Structure formats: structure tokens, C-alpha cells
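Enquirer: Chain residues, written in single-letter form:
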Amino acid sequence: MSAAPCLEISNLSATLPSGMRVLRSVSLKIAPGEVHALVGESGAGKSMIGKAVLGVLPTSVRIVEGDMLLEGTRLGALSPKARRALIGARTALIPQDPLTALNPSRRIGPQITDRLIRILGWSASKAESRIRRLLDEVQIREPGRVVGCYPHELSGGMRQRVLIAAAFAAEPRLIVADEPTTALDVTVQKQILRLIADLQREHGTAILFVTHDLGVVAKISQKVSVLYAGMVVEEADTTALFAAPQHPYTRALMAATPRYTDPYASLLPVDAAVLAGLAGEVAEADRAWRPVHA
Amino acid sequence: MPDALITVRGLKVALPDMTRKPLFGRAPMAEILKGLDFELPKNSITGIVGESGSGKSTLGRALVRLIEPSAGSVTFDGRDITHLSDAELKPLRRDLQMIFQDPMSSLNPRRTIGSIIAAPLKQNGMGDNLRERVAEALRRVGLPVNFAMRYRHELSGGQRQRVGIARALALSPKFVLADEIVSGLDVSTQAQVLTLLERLAGEMGLTVAFISHDLSVIRRLCRQVIVMRQGEIVEAGPTDELFGDPKQAYTRELIAAIPLPEIDPDWLRAKPLAAAN
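So the protein lines, in turn, are chains A and B.
Numbered per the numbering used here, the first sequence spans residues 1 to 294.
Numbered per the numbering used here, the second sequence spans residues 1 to 277.
It is worth saying that the hints were derived from the structure and are not from the lab.
Certain hints may be false.
[Said to hold, decoys possible] Incomplete in silico selection of chain B near chain A, CB under 10 Å:
hint	residue
1	Gly72
2	Gly157
3	Ser188
4	Leu194
5	Pro261
[To be verified] Pairwise CB distance ranges (calculated):
hint	chain 1	residue 1	chain 2	residue 2	range
6	B	Gly53	A	Arg62	17 to 27 Å
7	B	Ser156	A	Pro58	15 to 25 Å
8	A	Tyr150	B	Arg9	35 to 45 Å
9	A	Pro110	B	Thr195	42 to 52 Å
10	B	Gly205	A	Ser18	45 to 55 Å
Quantities reported herein were computed from a predicted structural model and do not represent experimental measurements.
Here a beta-carbon is modelled for each residue, glycine too, at the ideal position from N, C-alpha and C.
Bound conformation, chain A alone (with noise of 0.2 Å):
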């Protein structure tokens, strides 16, 4: 039953240039077909993590410690040339924000088969053909109207769509989404959860969902990283960590998080203990830490 990870971190850390880690040791693995959420608040490293693995973080940010293993592959152990040709392969990203994500003086179509043809090498037939099964299998009724347009053109639902097309459509076996569900209405915001967690399945695609919103994690997810300060502060199954969160700020951070069905009992600021814990954790963790090798 032990199937190889899709995903392992072991124990990253990555800091900034004065020497502040951003990334505190974190670790965790993704099984094949499992979708790992990562929630926290701005500034908890998550989108970071999700950098990390792609190998796009910023410049400023140095990994200093720690593995990561895409399907068994230590990425550090690769030439920079080979990893960004493994990556290419086997990862995609939908991200936030569609309209930024697009370029807004190009069509629809191209930018989304150069990924197939430019890294995969595919041809411009195939990866056209690919394109569209995958943008009716998004739902977008007219696929050969909507590869003729510009950005602009489309709702921010139909933009994420096709983003979603993208991703899935040189078969990755990871993808990274960072908040791909933020900037979109609620309405809007259920279908895409849906349509994700359809092709997800059908496909067998792992998922690193990146999220600040603990209503989306127990939706999509099955496995949770709760993150602060660039560290996890809880993992666990989805199910266990919302009938017993263990660590007082996941049991904060839900209290914290709205719910119409019960007004009184969520929208509860955080207490100043928890916090004052959590700055205790972080400074313990410093304390304690050395990098192995720099």
C-alpha cells in the first residue's frame, strides 16, 4: 500500500537575504490523486511552498535546507537544466488571479498550446486537438470561438476555466493551486471548486491547493497542512482536523472564519494567548535551528 509519494518536502527552509527564514523546516508528502491543502493568513509561507516546488521563488529567497522529492526525484540533486525539464513534465500551476496570469495581447489558443509545444515538444496538431477536448471537458461550450479570443474578452469564471484546461492539459501529476478560487464570486467559486475536484479525480492529478479560506479546505481537500510563520503548525486528514482540531491556532483560525449557520459562535477574534504561543513556537524553532549545510 505504500505507493511513492507524489510529493515529499523534507524539513525546506528558505530565508531571506538578512538571514529571517521564510520557510521553517516545513515538511510534507502528497500521495498520488491526493489533494493537500495548505491554509494559513498572509504571510504564513504558503504560496511560498508552492514557489518552492515549481522552482519559481523570488530571487531574494534562498533554499537553505531540505529536500524535495517530485515522484521519487530529489530535486536538489538535478542539474537546474534537468529539473526545470522534470518540472515542465510532470507540474503545472493554476493560479490566483486568470487576468494577470494571460497575456492581454494574445489569443486564447496559442498561449495555451506553447506550453505543449514549446517544453513538451508536441506537436502544433496535437496539442491543438488536446486543448480542446480539455476545454470542453471545463465546460466551455464553445471551445472554438473561445481559443480565437482575448483575455478580455471572457467572465473571470471563464478565464480560471481555462487556466483549469491548461494545467490539466499535458497530463501533469502535480499541480500547484495557489488560491485559484479568491478572486472569483461564490457562485462562480463552487462550480470551479467542483470542476477541479471532477478533473482531479478523473485524471488522478495530485493537488497542492494553496488557500486562506478554511471553507474551501473542507470542501476540497483530503489532507491539510495548517500553516503560520512559515511553519506547520498542524497536519492532518481534512475529516480529523475539523471534528478535532488539535493546535490552539487551527481551533483559533476556525473560530475566526464566519459561518451563517451559526453567527455567534465564528467571527471570534483571536485570543492573545494563542498568538503570544505562536511567536513562542517560532522563536523555540529559531532557537534550535542551525542550516545543515548553506
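Position chain B relative to chain A; hints supplied.
Expert: For chain B alone, coordinates are given in the frame of chain A:
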């Protein structure tokens, strides 16, 4: 009907549609609000909810007369303000205040927090005892008085939004428009800012129009709700009734689309327009 501070009748707003503007000449007008009727009762928070493009922010702007309606009327405290000139509006401004969505862009980066809060006081003839008034405004929102010396970039997101609230409330207004004031904040900060607004609105007897896309927040904060879609009111009523027994399919759909932080394997599968019965 409880005492209304603001009464809106047949409100229409048309704005130039810049997406259809010819290279030369005027943009054609697009009707954003298509005839709205409602009241905002005194001393209570009314939620205005809708998806993007529903016209909720345009409605807010018309309420505080940042834009002039093209038809219908807005009555504030017994006075028709629909077509008042800027000069005529001036004495009313201290009673019609706004808290903005993004406290980063609504606070001047080059002025101290103290002078940002003082500006509307001076504008509205409350320039005496400025130092004391600013200190009082800061204390009210739970910020240390020495924050008056700081600049916006030295503050966290939640602190900035407190400054936005302090500035709006420094004038002791009758009406406050709060347009998506927590949508840029983290959940933990959001809770603090909302409980602050709730407490102050109660203490100061404010009438608040709380514009938001988040029905869960509205459920907690507002006594009544107006649901908008494409420039029209879909449904309006007391919060408890609207959530307990939503009459319109669209309202039910909006509520059902909220992902609650609890396990529900059927939620994703449920049809978008699942009729309640």
C-alpha cells in the same frame, strides 16, 4: 415601519459605459441601478450583498452622493439630497461618512495618521482641540495615541483599517457607508475589525450600510439585508427571516454556494440551483 434615516425611491443610476466608448465622442450610458426602493432604518446596520457587477458599490456611492442619480430620489434625514449641488452638500458631509475597502490606498502615504484623521475635522469646522479629538478617535478604535505620529506603511492591515474607521467616526456622523471593508484582511483581523465596527455603531447610534459579498459576515453583523443582482433588488428583509426562509431562488443559491468550514461530502455535488423543496 421603524424610523428611516435614508429613504430611497425609484433610484436609477446611469454611468458612461467606457467599454463601448467610440474613439471620439461620448460613451453611451449604461443603466447600473434600475429603480430601487428601500429604507435604511436608524441606529442599525443594513447589509447590501451581491456578486460583482450587481451594482452594490454604485448604490453605496449614490447613498452618500458621490454620484448623482439619474432618476428617483434619496432622502437623508428628511431632506431630499438627490440633486443637491456640492456646495449644498458640504454641510451634510460630516453626517455622511465612508470607510473604504482598501485602507492602503485610502490613506495618504506622505501624511501622518494624525493629520489624516485631522483633515476631515478641519474641513468640517471641528478644528478646535484637534490634538485631543484625534487622540479620542484613535482611542475609540483601540489604537495607541502615539500612532498619530506614524505613517501608513508602519501599520499592519488591520491597524490601517482601524484608522479608516477612526477617520470616518471622528466627525460623529449619522450615516456610515462601509464598502467591503474587510475583504482584504485575514480572517483573524477581519473578526477584530468587525466586532469593533459593531460595538462602535451600537455605542454611537450609527446607521450603517455594510456592503459585502460575504453573506456569513452579513448574517452576524446586520439587522436587515438587501440582496442585489444586476442593478435590481432581488430580495430584502430582516436578516433572520432572509436566512431562515429565503424566498428567491437566487438568494438560496447565494447562501448554498458559501463553503462552510465543515465536512460535507455532498456540498460539491449539489446542483447550483437546488430548490429548497
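Enquirer: Each hint should be assessed against the structure and marked as holding or not.
Expert: Do the hints match the structure? See the list:
no. : hint                               : verdict
1   : Gly72                              : 27 Å, violated
2   : Gly157                             : 8 Å, holds
3   : Ser188                             : 4 Å, holds
4   : Leu194                             : 6 Å, holds
5   : Pro261                             : 4 Å, holds
6   : B/Gly53 with A/Arg62: 17 to 27 Å   : 43 Å, violated
7   : B/Ser156 with A/Pro58: 15 to 25 Å  : 22 Å, holds
8   : A/Tyr150 with B/Arg9: 35 to 45 Å   : 42 Å, holds
9   : A/Pro110 with B/Thr195: 42 to 52 Å : 50 Å, holds
10  : B/Gly205 with A/Ser18: 45 to 55 Å  : 49 Å, holds
Hint compliance for this structure: hints 1, 6 are broken, all remaining hints hold.
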